[in-house]
Every structure is written in structure tokens, then in C-alpha cells.
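Residue numbers (full-length UniProt numbering), protein chains in the order written: chain A, 1 to 168; chain B, 1 to 409.
None of these hints come from the bench; they were simulated from the model. Misleading hints may appear alongside valid ones.
Simulated restraints on C-beta separations [as the list claims (entries may be wrong)]:
no., chain 1, residue 1, chain 2, residue 2, range
1, B, L33, A, P96, 39 to 49 Å
2, B, H98, A, D45, 38 to 48 Å
3, A, N158, B, N42, 29 to 39 Å
4, B, E145, A, D45, 29 to 39 Å
5, B, G173, A, E137, 42 to 52 Å
6, B, H98, A, P114, 26 to 36 Å
7, A, E105, B, Q100, 57 to 67 Å
8, A, P96, B, P65, 50 to 60 Å
9, A, D45, B, D119, 15 to 25 Å
10, A, V157, B, P43, 24 to 34 Å
11, B, G68, A, E105, 50 to 60 Å
12, A, V157, B, K55, 29 to 39 Å
13, B, N101, A, E34, 27 to 37 Å
Chain B stretches covered by chain A per the calculated footprint, using a threshold of three residues with CB under 8 Å from any CB of chain A [as the list claims (entries may be wrong)]:
no., segment
14, 98-107
15, 127-138
Model, not experiment: these values are computed from the prediction. Virtual Cβ for every residue (Gly too), placed ideally from N, Cα, C.
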Amino acid sequence: MTDLLDIIEWSCVECLNQNPSRNIGNALKQGYREDDGLYLESDTDEQLLLHIPFNQAVKLHSWAIKSVGNKGHAPRKVRLFINRPSLGFSEAADFPAVQEFELSEADLEGKPLPLKQVKFQSVNILSIFIEDNQKEEETTQVQKIVLYGSAGETMNVNEIKKVGEENS
Amino acid sequence: MEATVVCIDNSEWTRNGDYAPTRFQAQADAVNLLAGAKTEANPENTVGVLTMAGKSPRVLVTPTPDLGKILNSMQNLDIEGQANLSSAVQIAQLALKHRQNKNQRQRIVIFIGSPIAEDKEKLVKVAKKLKKNNVAVDVVAFGSEETNGEKLENFIAAVNSGDNSHLITVPAGTILSDMLFGSPIFQIDGGAGYGAAPGGDAAAGGDAFEFGVDPNMDPELAMALRVSMQEERARQEAATAAAAADGTAGEAGPSAAPAGDADKAAAAPAPVDEATPMDEDALLQQALAMSMQADSAAALEKESTSAAPSAVAPNAGSGQDAAMSDIEDEELRLALQMSMAEDAAEAAKESHGAVADVLNDTDYVNSLLGSLPGVDPNDPALQGALASLTKSTDSKEEDEKKEGDKGGK
Chain A
1 MTDLLDIIEW
11 SCVECLNQNP
21 SRNIGNALKQ
31 GYREDDGLYL
41 ESDTDEQLLL
51 HIPFNQAVKL
61 HSWAIKSVGN
71 KGHAPRKVRL
81 FINRPSLGFS
91 EAADFPAVQE
101 FELSEADLEG
111 KPLPLKQVKF
121 QSVNILSIFI
131 EDNQKEEETT
141 QVQKIVLYGS
151 AGETMNVNEI
161 KKVGEENS
Chain B
1 MEATVVCIDN
11 SEWTRNGDYA
21 PTRFQAQADA
31 VNLLAGAKTE
41 ANPENTVGVL
51 TMAGKSPRVL
61 VTPTPDLGKI
71 LNSMQNLDIE
81 GQANLSSAVQ
91 IAQLALKHRQ
101 NKNQRQRIVI
111 FIGSPIAEDK
121 EKLVKVAKKL
131 KKNNVAVDVV
141 AFGSEETNGE
151 KLENFIAAVN
161 SGDNSHLITV
171 PAGTILSDML
181 FGSPIFQIDG
191 GAGYGAAPGG
201 DAAAGGDAFE
211 FGVDPNMDPE
221 LAMALRVSMQ
231 EERARQEAAT
241 AAAAADGTAG
251 EAGPSAAPAG
261 DADKAAAAPA
271 PVDEATPMDE
281 DALLQQALAM
291 SMQADSAAAL
301 EKESTSAAPS
311 AVAPNAGSGQ
321 DAAMSDIEDE
331 ELRLALQMSM
341 AEDAAEAAKE
351 SHGAVADVLN
361 DTDYVNSLLG
371 SLPGVDPNDP
381 ALQGALASLT
391 KSTDSKEEDE
401 KKEGDKGGK
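Kindly generate the complete structure, drawing on both the sequences and the hints.
Written as C-alpha cells, this is what we have:
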């Protein structure tokens, strides 16, 4: 079980309804997410929809979300979807989710929350839909999101060696 | 990288001819231009087109990088009914949502040339939804400004996120596509390609660009043109100023360049030249005379002082300077100067027949010698030399002989 930070396809990461000055990078990127002063915030209303693609199919084991400080702005109801690249807000609210969470304050401190592993076996895109927040505030804030799991067997081109090189 | 859906207005209002040739045709031209600009800015940009009026909004072409498809879709469109803005925009948003390449950002460009039926609240609601889905919207309003103005401003204000959405109102009687060309709508990916800084609006005059090149399209080319223009102007100004200065200073003979004491010797032939018309012959003569002067000086120097470094250049002024300053023997210098004066006189004679025998004019020779540095015209030695010079034809011939010898070497 490792942090899947390295295999996120960053150029395709998308977050709908984010405030342009408090964007997804604040919650997902290394360094930024460790800083409690930087957070992802929603823009026009309290909902957020994150699409996180990976550069290979992964197995997800657990995830963690952190939102401290403004407790009222912390996410409450969260729905997770897999492999739905065109998911929009209306579908995210209506379609059956792969897994749903009702987050309590204890869940929001950044400790790993287990996932139903059987359902997250081959994930290319993880979509996180944050439906509302703890105290029905205008915006939702997220400081950190971490995904744990394991990547499949991959071939790293850099590790390819010439035949016979090891012998010599 | 961007996926764009262009919503065009094909309602009955677009038959109006207040934008030449008609609103609809002007709009079609602008759409073609915009599609070209978008697809050119990045090979992965896609553009789609949908019509807003008719029975229902209709997607003519889903976002594609193929400009031909886009242009083709614009042919043979029916003008009918009323534009249905809110549903058209939502359909456009769906088309964008299902774009193939998720790297592309989403943009809707709305052309609206008819009164908007929806009320302000509904438009703002649609705008909020677009903003929530990260869709940027550009609106081009042409016609019906008084009914649409406030609605569109509210719409854009609600959808705008990080200044990614713009409203362009084009007044009647102008060329629609020209007005759009310098606008932020043609600004793609923060100034690259057709990038126009916020100041781009200033250039919206269309065809009135300074060098026939849109500075927003190719800032480096425009800059190069401007700099080259400035340099050329500066050069011309300098040239005219120099010409004016020459005019006041009199006809500048080639040797009458910067006045320094030592140059005066070389300048000796110049006063004579001034009287002569500057035809080619005269110039040739003068040049010849000057080269003779230099050569004779060099020859003299070589023969008399082996110690003197021969820094004689073919050009008269500086060559003599160098030669003279190096010669320490007073008498030698005198002789040299006299020979030069003689040469000058000879040149004068050659170029100007009227001056028959300058050397006989002692006043002139005296004044000439007085103008030479370090020469006292009253020096007895000099006087003696002068006296001998009055029968100078022989010595001149001698000089010429020397010249010939030198040439022979």
C-alpha cells in the first residue's frame, strides 16, 4: 500500500466548481497539501467534483481527507465513482455511487479511511463528488486528499538493460 | 488547449442588413475567422458549431479540429424562428462535457443578434451552472443592444471566473469580423498565438494597423518593423542635417574635412577648388594632385631621412601629419613644406588654368606658409628658400623625376 501521488496523471486532473485561486493543487499536490493554510475551496456553491486520472490501472485501498480549521466548511457527504470520465454534477448526485461516505469530524483529520477493496480493483479515473458540507456553508474547503493503493506491475523503460550487461 | 462550441444565431432577426451584408452573413464570416484562429492556435484545439434558432437548437458539428468540417457546416443554413439561448447553451455544455480530450478547457462562444427571450434570473442561473462546470463563455452581441445589454452583462458577470469570459458588443455599421479580430475573444491561452493583451482592444480598428500587420498577431515582427522604421527615420534626419551643415560650410572638397592645424597643409588646394565647378575632371585632377602630394612627401622623406619612420599613408592629410611630426630637422621640414606648397600650386595650376603662376605671388606663398604649423615666414632660411623657389620650374621637374623613380622602384 503506497501513496499513489506519483502515478496521478496531473495534466488531466480536473476539479469542477473550484475557486480558481484555491484550486485542486492545494489539496492534492505534495508540499501544498501538507500546508494547512492552503486549501481547495468551492466557488459558486458548496459542491465539488474532482476527477483524478491515473496513468495506469490501480487498486485503491484507502483514502484520507483532511479539513480542519473552518469546521463548518468541511465536507460531509462524499460519493466516490470510478472510471466515469464524463461524470457531471447532475449524474454525480443521481447515479449510484461505488461508495458513499458521511464524514464525521474525526474522519476529517487526515487518517486513512478504508475503501471496499473489491470494488476498487481497476481504477483509471477516480471521481470524488463532495455533495455538501458540515454546516451548510456557502463553500466547502478541503486541505488534503491522499489516495493509498497499489499500482499494477509496470515496466519502467529506464530499467531496461542491455542483455549481457549484468554479466559483464 | 481548448474545446470551443460556437452558438450561432440563425433567427429571423439576422436577416437585418445593418451589419454588411446581413447580420447572418457577417456572423458567418466571423465564425469562420474564429474557427480558423482557434484551430490554428493549437493543433489539438477543437471547435464545434450549433444553431440556436429553428425548431430546436441543433448541433451542426461536434467539436473537431478539422476546419473544413466547421466551414462546411456553415453552408446552407436556414434562417428561421427565434433564438433559444438557455437551452442552446446547455446543449453546448453537454457537447463540451463529452469532449474526447479531457485536457482541453471548455469554452462557449455565443453570437447573439436578436432579442433574448429569457429573463435575467434564468440567464444568471444558467451562467452559474456553466461556471460550476468550468466552462468559459464569450459573448458577441450585434444588434438588439438595448434589450440584451443588461442581461448579457449579468450573464457574463455570473459566469466569469478568473477573467476567462468576455462580452463584446459590436456597434452596427462596422465589419463584425474586423471588430472581433483584436478583441480578447481571439486571445487564446493567455496571449499565445492570436494573443492580445488587454490592450488588444485598442487595435480593434481592424484594417488600420501601422504596417499592415496586426501587432497582436505577431508582436516580434511588429516590433522589428517599428525599430527599423525608427532607425531609417533617424538616418534620414542625420543625412539632412549633415547636408544642411555642408551647405553652410561651403562646398566641401574631399580634403576639407575636419579642421585641424596640421590638416591645413593638405587643405591648401581646396580654396582653389572652390572656384572651379565640381565636374568629374576637376575631381579627378584634385585626387591626382593629392596623391602626388603624399607621394612626393614620402619620397622626400625617404631620401633625406632614413631614420624617420615611414608612416605615410596614401591619403594625404594623415600621411603628412605623421611624416611631418616625425621629422626633426627644421630645414628638412621646411623643404618638405615648400615642396608641398609647390605641389599644391601645381595642382591648382592643373585644375584651374586661371592661376598661372602662384609661386610668383609671394604674398600668397607667405600666407600659405604662415598657416603651416611651426613655420615662421620671416625665417631667413625660409626666405632664402622662397627666393630660390621663384625659379622653381626646375625643382618641380626634379620632383616629378623623383616621383618617376619611385614609381620605377
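These are the hints, each one checked on the structure:
1. L33/B - P96/A: 39 to 49 Å: holds, 46 Å
2. H98/B - D45/A: 38 to 48 Å: violated, 23 Å
3. N158/A - N42/B: 29 to 39 Å: Taking Cβ atoms as reference, N158/A and N42/B lie about 30 Å apart, which means the hint holds.
4. E145/B - D45/A: 29 to 39 Å: holds, 32 Å
5. G173/B - E137/A: 42 to 52 Å: Given range 42 to 52 Å: holds, Cβ gap about 50 Å.
6. H98/B - P114/A: 26 to 36 Å: holds, 33 Å
7. E105/A - Q100/B: 57 to 67 Å: violated, 41 Å
8. P96/A - P65/B: 50 to 60 Å: violated, 36 Å
9. D45/A - D119/B: 15 to 25 Å: holds, 21 Å
10. V157/A - P43/B: 24 to 34 Å: holds, 26 Å
11. G68/B - E105/A: 50 to 60 Å: holds, 58 Å
12. V157/A - K55/B: 29 to 39 Å: 55 Å Cβ-Cβ, so the 29 to 39 Å window is violated.
13. N101/B - E34/A: 27 to 37 Å: holds, 32 Å
14. 98-107: Three-residue rule met by the segment 98-107 of chain B, so holds; n is 3.
15. 127-138: holds (count 5)
Comparing the model with each earlier hint shows violations of hints 2, 7, 8 and 12; every other hint is respected.
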